[in-house]
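Enquirer: Residues per chain are reported as follows:
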Amino acid sequence: MILIECPNCGPRDETEYAYGGEAHVPYPADPAALSDEEWGRYLFYRQNPKGLFAERWVHSAGCRKWFNVIRDTASYRIETVYRLTDPRPDLTRPDHGVNS
Amino acid sequence: MAEALPAHPDFLWRNPDPKPSYDVVIVGAGGHGLATAYYLAKNHGITNIAVLERGWLAGGNMARNTAIIRSNYLWDESSAIYEHSLKLWEGQPEELEYDFLFSQRGVMNLAHTLGDVRDSVRRVSANKLNGIDAEWLDPQQVKELCPIININDNIRYPVLGATFQPRGGIAKHDHVAWAFARKCDELGVDLIQNCEVTGFVKDGNRVVGVDTSRGRTATERVGLSAAGHSSVLAKLAGFDLPIQSHPLQALVSELLQPVHPTVVMSNHVHVYVSQAHKGELVMGAGIDSYNGYGQRGGFHVIEHQMAAAVELFPIFARAHLLRTWGGIVDVTLDASPIVSPTPVDNLFVNCGWGTGGFKGTPGAGWTFAHTIATGAAHALNAPFALDRFVSGALIDEHGAAGVAH
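Just so you know, the sequences run in chain order A and B.
Just so you know, the first sequence maps onto residues 1 to 100 in our numbering.
Just so you know, the second sequence maps onto residues 101 to 505 in our numbering.
It is possible that part of the hints are untrue.
Computed cross-link-like contacts, SDA-like style, restricted to lysine to any residue with a CA-CA straight-line distance of at most 20 Å [as the list claims (entries may be wrong)]:
hint, chain 1, residue 1, chain 2, residue 2
1, A, K50, B, D117
2, A, K50, B, F339
3, B, K335, A, Y45
According to the in silico footprint, chain A covers these stretches of chain B (three or more CB under 8 Å from chain A) [to be verified]:
hint, stretch
4, 237-251
5, 339-349
6, 387-393
7, 484-497
It should be emphasised that the hints constitute simulated quantities derived from the structure, not laboratory data.
Beta carbons: idealized from backbone N, C-alpha and C, even for Gly.
Work out the full structure, taking the sequences as your base and the hints as a guide.
Expert: Pasting the structure below:
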């Protein structure tokens, strides 16, 4: 079980949260202008790195707010937690790029 | 059940050093990679093959699944490839000259809600139309087939019935891998363990070789069969895959007398249970929610599936958990596999089998070998190409098979 630090409520067990997959995937500005290829990529393709991953969680059993987490998908270690309104922290390391 | 296992065999394959070049390189010596190499040799006469394995042979998901085999999928495309697979399973112990204890004890999928009942009856009809053995059982018939199951209506999700596929069952997964490995070796395939692929050599957009932890090997064609690590390999080759890697956990009890005669799966209360030949109760359920390559997950997921198991099988309340573990499953959004060419020429991918790859082992090998040998899809895997994520022709098995494999 992962211990996740909610930006509003503090550290709580993973069971209080729900997972939202990759963070920073904006809805296309002009969806009608996308090709089938681009629309397919928006719908079905997400980064799947072994290493640091920027992802969304929601504190379902607490404040019910969404926020972002950068977590290592190999060790499950959480590197940082930040609000949706914050820019993505630059945690690039020589061995792992964020979402790469 | 509780029968003696075949004696542990002596060495079944050589451990050759990689040669400078091969006609085909398969990445990943799990069940699918080994079956692919076997069918390349048997069906297509290609034997100058290396199967490269980062760890040890069949040490990934092939050693971690719950060994359930069935073909009772809803959609025509899925039932075709899984039923082909099941027919291959039925002939395989003889063909591979290895008794891997394929036991067709039947697979039961329980229904606990009115919605479940309607979906299940629909699936039985769809299966019958596709020539697949399927029956709808009422609760009393469920009880007759599996006497230890609780069919009282005083539990939160009572058993309202079940679908039953008599030809489904289980097999000894590690013996399956060894059976394929021995035949591959006899046919001249090089099985190379402790050999991690670190890069792909390309000439323009065509793959011409692989870099590995044991040097560079030239090859004309490459087949990726690396399950949870497929995205990592695809990235090395310069393209993306529409999959997410998740931990999937399973567990066994200590050895018990035979009590459970079939395989019982419940999507709704979320557990699946069989009893291995040796006597352990083998259970599994759904993935951990987050992306993960750690081959482990949270214990609350284990607790959840044990709670479901005890509700369905009160007799299990005194059984002890012996061991839990996790694998890394490669999940697509339509819960269907990808057996396909890729954006890189001569590079092919077999992935996305998610939580249900074991049962597909022979079918995956058969169709992937065809795709690698001919450069084009077999009729059975044509619907499972990468281009379905552009065309929108998804094969949405979530409703019928999404969680419990």
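Enquirer: Does each hint hold? Answer for all of them.
Expert: So, going through the hints one by one against the coordinates:
| no. | hint | verdict |
| --- | --- | --- |
| 1 | A:K50 <-> B:D117 | violated, 28 Å |
| 2 | A:K50 <-> B:F339 | holds, 15 Å |
| 3 | B:K335 <-> A:Y45 | holds, 13 Å |
| 4 | 237-251 | violated (count 0) |
| 5 | 339-349 | holds (count 6) |
| 6 | 387-393 | holds (count 5) |
| 7 | 484-497 | holds (count 4) |
When each numbered hint is compared with the structure, violations occur for hints 1 and 4.
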